[in-house]
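Engineer: All chains should be modelled from the sequences, with the hints used to inform the complete structure.
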Amino acid sequence: MAKILLSSSLAPFTDGETALELPVANVGQLFQALACRYPRLQPSLAADLAVAIDGEIYQDALLQAIPGDSEVFLFPKIAGG
Amino acid sequence: MTKHHVSATVNGDAVEFLCDSQETLLEVLRDELRLNGTKEGCGTGDCGACSVMLDGRLVCSCLVLGVEAEGRSIETIEGMAVGRELHVLQRKFLEHAALQCGICTPGILIAARALLERKPDPTEAEVRCGLAGNLCRCTGYHKIVEAVLDAAREMRGQG
Amino acid sequence: MSTQPRYQERELKVVGTRPLRPDGVDKVTGRARYGADISLPGQLIGKVLRSPHAHARIKSIDTSLAAALPGVKAIVTRDDFADMPEEYAAAGELTINFRDVTRNMMAREKVLYDGHPLAAVAATSESIAREALKLIRVEYEILPHVIDVIAAMQPDAPLLHEEQYTVGVNPRPARPSNLAKRLEFKLGDVEAGFSRAELIIEREFNTKPVHQGYIEPQACLASYTEDGQAELWTSTQGHFVFRAQCAKLLQMEISKIRVTPTEIGGGFGGKNNIYNEPLAIALSKKSHRPVKMVMTREEVFRATGPTSGGNVKVKLGATRAGRITAATAELSFQAGAFPGSSVAPASMCAFTRYDIPNVRVVGHDVTVNRPKVAAYRAPGAPIAAFAVESVIDEMAKKLGIDPIEFRLRNAAKEGTQTYYGPKLGAIGYIQTLEAARAHPHYSAPLGPDQGRGVATGFWFNIGNETTAALNINEDGTVALMMGTIDVAGGSRAAMAMMVAEELGIPVDRVRPHIGDTSSLGFNFITAGSRGTFAGGMACVVAAREAIEKLRSRAAGIRDVPLEAVVWKDGHACPAEDGARQFAPLSLADIARLAGKTGGPISGHAELNVQGAGPGFGAHIVDVEVDRQTGSIKILRYTAVQDVGRAIHPAYVEGQLQGGVVQGIGWALNEEYVYDADGILANPGFLDYRVPVASDLPFIDTFIVEVPNPNHPYGVRGCGEVPIIAPLAAIANAVENALGIRFCDLPLSPPKVLQGMDEAAAGGD
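Going line by line, the protein sequences match chains A, B and C.
For what it's worth, my numbering labels the leading residue of the first sequence as 41, then goes sequentially.
For what it's worth, my numbering labels the leading residue of the second sequence as 142, then goes sequentially.
For what it's worth, my numbering labels the leading residue of the third sequence as 36, then goes sequentially.
Hints are computed from structural coordinates only; laboratory data are not their basis.
The beta carbon of each residue, even a glycine, is placed where N, CA and C say it ideally should be.
Misleading hints may appear alongside valid ones.
As the list claims (entries may be wrong) - Some, not all, of what chain C presents toward chain A, calculated at C-beta under 8 Å: (1) A227; (2) F229; (3) P380; (4) G556.
What the hints assert, rightly or not - Residues from chain C shown here face chain B by an in silico Cβ test under 7 Å; the list is partial: (5) I73; (6) G248; (7) E429; (8) G693; (9) Y709.
Structural biologist: See below:
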């Protein structure tokens, strides 16, 4: 089970929940599981979230594997000028 | 609208063109004579991207009318290199990485050459004041000033 | 990330040297072709009618008189474009709300700012097009407007969008408001953290919107054919993203639009998004002629960019020993007429330079009657850093600790938990601070009325979608096709250098070009300091693929197994173990035989590049204040930055120098000024004053190289960090000179004089 941590900026969309465990094998599965659990998080998941898997940051990487015991952090994606 | 017939010299070549009364020298150079090296950054004489020489005087070509060129001599960036030989300033700008996007570069080169013709041995402050009418948003001017000072040294034969 | 090559320490021949830029000669001779330099036979000139009001309902638009003017070939208004519902759609990797994009491109129900487009005309000459604009009749119902961010958040403020309910608050508000979004980031327990603090400082800061100020106004040329194909030439930071946005707005298939990027005359984030491009295509479609549209400088100021103005409240608590125990910030940013300011990244990097156990940051994205803001170099970060680094400076001073030492005691390092998300990876903030402290500038003497200031900056940097292709020519030279725009920092040179390093050939044998949207797969905009990082990654992957093919051909030519061939110094050589000896083959040897050994040799890469390495900068500035005029002179400036690895050090220095000077302009001169009617009062370079050469000293740079482990050459990206620190560094230097802390920018002479008068009168 991967340990999933959500940035506090996402709390308004998850009724305050920011830590959970989910049996997911990649980022796409993680996003699907989160969208089921927190429908109001769906727009953010579709648009503007990045993940850090054990400290390595991924943006737009639905197929990126999530190892079983890893720590995954979700937070807003970055663009730039 | 009747157009005016104008004869002038551009980079040593005789040219003739037709222009409206309100057409600027910048528009004539770019649109009539297809010399696109001179750039428009503001159209109000504030940025210097359209700097050219008019009878040996540095001007913003966006503030000169096309009809004013009658019988006069204009020098643009396209005439700065002689054949394959870049002007010292052009070469120094490359060597010193004194340009990034390059949109201000033609105007700055023309202004820098005018400055060095007037002042072959300028101080850093004189270079900075001499180029104060030419905006560059990329470089912070650092490498431009270095390149002009280095070009001045070489042009004085102290290369 | 497993397919991406990681950092490898090795001997370098090309990377780190300073060859001349491949685009250089064209730029010093006037040959380089920018947006306005492209023309087609038979082209028309397009011009835009813009709102003269800050806020008004459009009752009617009558174009009949204009259409009757001889020479006018097409007019488009809101009626020529499909409305788009509230939909956050992917435009490439950029997520935008097309309801807003289509309304910003061409006003529908209301005009929302001075300069908002209402109609566009294509005519046989610019003067006819201008004449036609005057003949368009628009009936307005003028509405009250709001310009200031705090005023816009008041309950009785004029409302821009009647259906805008704040996102990010629970439950959803009962009434619509100008507060488009609220963000909150939390770590630890700030109340407990402040209770442990022995000194607490609380301050409020304001910055004005500033424009990216690229010298080349937006310019494009579109040609739409009778079989529904569009070609577009434009000055852009991302031609693939422009293509995606045009396709969506014009309801066209992506394959029917081909975008060729011109040379770009500066962007800095301001050329990330479309303005005139869809209008030009629509006008071309309607007129059956190519249409060229070039903005005036006034249009650039009124309707493109700028970055947000911001209000930032900061509270910081620390122990006497100089450890920060808690920090809070509330950032309210002007988004302009539509939501989407840079308040999110600004909130995320406000305190990220420091290891603080208890943090709360709240961000507000606020719509006001100004042009929709665009990204500007490290979007939002300078505003946040101005506030935070000013308070850090004051805290260090009150604690009697050297400001660099205070930062070192609290510096973020590898493993530091951020308040927005993950722990930080390998970073070089401490090394950057130490290099600044050791720099001779930091200990040089100061004269009367002079002061020294320090501040630091952090930016995330990004990777994203990137492609590259390299073709080995028959003579062994290389054509390198990149999909990522060289926004002028010199990434073409850097890419060619990395390819030359990989292939083991001189850099002048690699000729880089930017491909159009049909020649390569999708690329994200050049933003987030990703050009050399992500583009470089794609080039290295492509080069390594080509090397595999070169090895294979060599093995075939020499009739040895593939594993007996290694690539070294531009040659296929026998492997170290020496099991199979053969005469080495050069790249040129193999290239010459390519046609007879299987066909042309190329390498390519299509990646979504991950693993960007954050960048940190530490700046030192000396100022002198003229007590008579209030003017501030920059005497000396030193920018220290961890760039991971400088591929071409001169171009990295150029990024640092250019970014610093934009920051100096932001600190001292630049601001949008609106009159009481909400009309921009200074839409030109005369009254919007960017720094000129005589305002400035040389900008010294010191490059720190802590390699990014996720890039084959350790690149982090370097373009954005340099603009972050100058605002606070200068304010801190002025405080050091005068003993007055200024919290509002710009530090223009009248403001400085007023501050001195107030201080003399015993004010705060």
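Engineer: Determine for every hint whether it applies to the structure shown.
Structural biologist: For each hint, the structure was consulted:
Annotation: A227 of chain C was flagged as interfacial toward chain A, and the flag is violated, the nearest CB pair being 16 Å apart, outside 8 Å. Hint status for F229 of chain C: violated, given a least beta-carbon distance of 18 Å to chain A, over 8 Å. Taking 8 Å as the C-beta cut-off, the interface hint given for P380 of chain C holds, the closest approach to chain A being about 6 Å. The beta carbon of G556 of chain C is not positioned within 8 Å of any beta carbon in chain A (closest approach about 14 Å), and the interface hint is therefore violated.
The beta carbon of I73 of chain C comes no nearer than 9 Å to any beta carbon in chain B, farther than 7 Å, and the hint placing it at the interface is violated. Given hint, G248 of chain C at the interface with chain B, holds; its Cβ is 5 Å from that chain's nearest Cβ, closer than 7 Å. Of the supplied interface hints, the one on E429 of chain C is violated, with its beta-carbon coming no nearer than about 28 Å to a beta-carbon of chain B, more than 7 Å. The closest approach between the C-beta of G693 of chain C and any C-beta of chain B is roughly 5 Å, which is under the 7 Å cut-off, so the hint is satisfied.
Below 7 Å, beta-carbon pairs count as interface contacts, and Y709 of chain C has none with chain B, the closest being about 20 Å; its hint is therefore violated.
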